[in-house]
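A.B. asks: These protein sequence lines are chains X and H, in that order. Just so we're aligned, residue 26 is where the first sequence starts under my numbering, counting upward by one. Just so we're aligned, residue 803 is where the second sequence starts under my numbering, counting upward by one.
Everything labelled a hint here was simulated from the structure, so no lab data went into it. Heads up, some of the hints might be wrong.
[Claimed, not checked] Simulated coverage check for chain X against chain H, where a stretch passes if three residues somewhere in it have a Cβ under 8 Å from a Cβ of chain H:
1) 386-392
2) 399-407
3) 410-422
Yeah, the Cβ is synthetic: ideal placement off N, Cα and C, and Gly gets one too.
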Amino acid sequence: MNRQLFEKSNKIEKYTFISDIAAIIAYITLFIIFFNMLQYPVDAEGEIVLEQLEFFYPVYSFLGNNISFAQMNLIISIIVIFMLVSIPMWIINYKKLRSRTIYEIDSYVAGSKFTQAIINLLSFNIVSFVLRIYNTFVLIEFVKGYKPKEFFKSIIPAIKAKYKKITAKKEKEDYSDLDEDTITLRKNIRRQTTAKVLRLFLTYLFLVFMALIIVVPFYWMILTSLKDFRGATSTSPEFFIGLSRMNWVNFKVVLEEMNFGLYIKNTVIVALFSTLGTIVTTILSAYAFARIEFKGRELLFTILIMTMMIPGELYIITNFITVSKNGFGWVGTQNNNYFLAMIIPFVTNISFIFFLRQNFKQIPEALYKAARVDGCSDFKYLTRVMVPIASPTIFTITILNVFSSWNAYIWPRIITGVGGQEGKNFWLISNALRDTAFAQDNGRVMYNLQIAASTLVTVPLLIVFFLFRKYIMNGIGRSGTKG
Amino acid sequence: MELRLENLTKIFTNKTGTDTTAVDKLDITIESGTLVGLLGPSGCGKSTTLFMIAGLIKPTSGKIFFGDDNVTRLAAEKRGIGLVFQNYALYPHMTVYKNILFPLENMDVARDEAIQRVKDMANLVGIGELLDRKPAQLSGGQQQRVAIARALVKRPRVLLLDEPLSNLDARLRLQMREEIKRIQRETGITTIFVTHDQEEAMSISDKMVVLDFGVQQQYAGPQEMYNNPGNLFVAKFLGNPPINTLESKIKNKYLMINDQKFMKVDLPDGTYDIGMRPENFRAASEDSEMKIEVDIKEIFHIGRDTMIHFDFNDQNMRALVDSDAVTADSKKITLTIKKERVYIFDKKTGKVIDHA
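In isolation and in its complexed conformation, chain H is listed as follows (with noise of 0.2 Å):
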């Protein structure tokens, strides 16, 4: 099932009469069968398209297809769809089994095929021995899998997460995210996965929405956002540690660091913000052919890697180098990275410039 939005807009109006723009103008196409991983900063509007799509909360303006249905005026249980919640919100006086049932009981699904369904279903999530059990006596991974089994009964056209993992502990996390791809491939749905976690996002999307004060910023896959972002937000908001960002100038086609030639470039003079990836940076060679020999301020060492601290334009940076590359007393290091690595963005629009 295709799933497009366009011009998608919600605007909260508060007592006071002031305006508040949840979501501004989405236009988004999401394969049929794809995971998507909508990605943002709280208060960003992630959730609030999340249940725009659910038929939860009205749009402001701007529509919503399922396939070539135009679903916007739709009532959220004729949409098709399952809603897994941050909090599972699981029936508490229901059993798994009766939390399972219950949506194919509103659909007069038949009995005998609804109870089928319902032990099908549990066994695909690994539930199975625990459906007379009440949400209160499962673990949080266990109840996730009773969401996600309720959510999956009654086969929904679209599948939409809102945070489901962030109720979870670390390691729980890890595996659940395993579990929520491998459960999203065996039933090829159509599936949006709201969260803030980027780590979280890259690992299990197909693709990634950025969203930023309701504004999309940019739709692609994980990787490709990863290696080129397409504005300085993105740009910001992916990668941990975060991107190195500084103010620095061009001037006669050179990207000038410390006052020194550090880059050709076929760009007009002026003043640019760069982003650097701390892990881009290389301890230089001989035959190098951009490369800068800085100042190290401070040494870390974090097992595989070691992070440095030094300044480019006064401003500070960080790079992961190779352990060997330096020793707990060096003064001075030479660093190259590659010339596409380099992300230029303008100042005022925030977008990458294209400059390979």
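In isolation and in its complexed conformation, chain X is listed as follows (with noise of 0.2 Å):
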């Protein structure tokens, strides 16, 4: 019987996953249909005028009803919401469906349904409230063993009781019975209680203030990047700004006037390219150091370590004679080709190298042996059983240098910066951000849309933080200072 309910909510479970799915497509297309609606002031030749967009409130029609520009950014800013509710929401829910055992059932996952329902009435999608709904009946049942009826009656009873039991007067405790060493002991355990209550209360409050620090540019980005130009430089700036206030228009102006996709291309390229070069030659060379006996083994080793010590800054002017014309003559000659220029000089790391070689190291002698005996070469050893063990630390390794390639600024502008007009078709986005100024004619920077276009360059990096969290924390925290 109960495995029966159990398997029954796991297939309500199914359903409620696919029309959140669909839901979730839905607010995509639905996002995508009103964002491309939006318009922006344009000339005669079809370029996009600055200096109008703070005062033009364009009057959209949909499906015949007419839209003001508020209305506009209201659905819009709520239609943002619903995926920003739904999408992590459903994430969390497959990951779930994926490892749910018949013992982790209990009342609160049957509250937990009922508040994800909630949720999804809220953000209109009813089909997965109402499999919610339903589900949780099922999951009241399995649990308590309540039909619906029965439930709904002893909802009643169970708040009185806890309402008694709230308002009930603690009975004043009585010393007179007491002995003087219970009285001290009970004394002491008051007072203990107290300061470990008072300890967590300032630990949190102090972990809060941090979080502060480090979310609030973040909010504070976001939410400039969607004020329109008077709010982003008023002196005396708006900490909240209402849905309808926010100017989504910002990103398809950025968008428009920015080669966004140009440079994305170029930064992937290069990102790509040099992880990939990073991680051969980091699992090579990590590979030779931990398992592989040479003369001079530690001694190449300490002298890599070393280098680690010498600022990167200092490499630029070596690093540029090499690929110059005086060198390989990647850039500054006839054939100029970047891209090398940027790759190449970045496709090892020696933190990377010292980070996966005691990873190597952890790994029992004994399975080199045990793969000796069973025929395995050193080389299909080293893809068959090192690497696969030590994968995570290779995904944290490859996710750290994706992060710096898509924050590496100084070595591309100095590499584009030689080639002129050319070179800026092969500007990284970070330069692009740099050079992009959506000044206005009359020399005023738009600001809010240098925000938005940071904005779209960051949000990426932040979603693959989210995702993959655990690894990179793991990489920061065992490699001490890369980040």
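Each chain sits in its own coordinate frame; assemble them with the hints.
C.D. replies: Below you can see the structure in the form of structure tokens.
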């Protein structure tokens, strides 16, 4: 009986899952439709007129209804909020769907189903709402054995009992018939509890404060990117703005003004190949330093470690000579190859080698011996045994390397700067961000647009961070300083 | 497959240039299909010998023969050996199935045959239902079986086990001991089993080799070695409680104990090392041939038997006697021992002297 209920609940869960996907797809489609409808002022040649942007309040029509500028912003804001709520919820449910066992179900699970149902109702996802409410009752029956009717009957007594418990006056402790020792003991216990509560409170207060220091700049960035020009440059900036005052058109203007696709493409190419190169060189050299015995291994490794002490900026000149016409001639000659110049100097990373070598060293020697007896060559041992075992570390290295390629600024700027106008086509996203001013003709810089562009660049990294934060924190924690 | 070691020597040289002889001129012939226990205290070169046979350590000198093949210079993977490690060395990221399949993959065995062999082997060692689990999800005994299956699946000529039971608890150890014996019988593979646990070696082996400081002490069947130890080291190493040893003199063809004539021996006069196992003592009856009365120092009742402590030539001795022979307040007892159970060792060489 019980197992049947559990399986029934799982089945409903699967249907809910599908309807959630449908809802998410609907939200995204709606977002795209409305985002595409957004208009900005253009002149006769189709160029965006930044001067008029702040006074431009078009009226849109959707399915025969007239929508004002503020209403449009409100609609898009609501859709974005729906997406922000439903996508993480969907990911969490997806993880639970695969790992849930019959022993993990309790009334708390039923409660969280109910909460999720309410969220579904608020985000107009009626199908999921109905399915989740149904699932809640199935789970209640599974956990407590109540049929829906009995459950509703049981609510009122439960609330009454709770109310009584809360309002019941605490009986004053009577110390008269206790001896001295017991009284001191009780006092000590009370004092200790107070100290513990106070300590916890202060700890969390401190943590919240530190978290705010990190979160506020991000919040401010996203907030400013949605403000209009006056709001962004106001001397008394607002900390909150209403949903209908969020200027989603900013992002559209940025995407239109900047050649976003090209720069993203350049960045992805550089990040991809430098990461691939880093992974290959790191794995091979970490294996050599961890497992293969050769003369001068320790000396060589010490020298490599010592190079970590030289600040990266000092390499720039020597690296530049290497890639310029006195060296390989990848830049500053007739046939410029900017990508090679941007990728090759970064296909190895000492701290990653060190990091992975330590990881490889922890793999027991006996495995190597076993593999040898099993007829496994050194290379096969590396690919079939070492790499899979160290895969979390390698994954961390990948992510950290992608981050640093994404954030690279100085080197790509120098390399592309050699080429003048031609070099601009090889800008990475960070260079483009710095150099696209969004200035009006009279020289006023549209800061809200600049911030919107930065937001567009940062958000992918934030998403990656939230998805893989376990691995990233792992890597930062173990490698000590790398971040 | 007969296995022959000829003059096998391994000398390790450390950074300061000091030599350590781990294995010293080992000469052993292991008959085909036998299970041989390699026994010795820790640091005696057991594992080094095993790894030399496996090909993971290069011998300094000497030769290793598998049958008629000289494999001394052959790489480990070409020798056709199965090796089970002390800590099992299972690949943690692979399932049991893949762990067992791994050696076959490297040997390029055809897919269908490989799958069949993995399944057969898993059933033989009794882990047929666990094939899709990871090693971390198995108990110690199950991991042990997987390691044995992985070693056996490539049909090795020789199976080598490096202290395979030392990570298991006492009860499981007994069980796995019998299991290894069974698997060895069923497959008929020549097997070498390294252990420091004498009881384990004696119960499982067809023959045993006792090593000390890399030197072979004795090579014989377990009971034979127990009853007739070749030298003082073997006598001391085998047996629990350990053998009683004492210095004693032989005067006028009589072994003297507590200044009494204890036993007639046909040996020249002089000082000898004498060994007597505690369990070989008996409470003497009227017609016993050799007997001696001793003062009991202490009595320990340990269930079936009673352990008594007494002195021979001012050296502490122990004897296991029948519980009926002594009461709690016994002060004296008359003990006897069979003549052939008194071991006499040369004082200098430690070798046993035949006196029967």
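A.B. asks: Now tell me if each hint is right for this structure.
C.D. replies: Verification of the supplied hints:
1. 386-392: holds (count 3)
2. 399-407: n = 4 at 8 Å, threshold three: holds.
3. 410-422: holds (count 4)
The earlier numbered hints are all upheld by this structure, with none contradicted.
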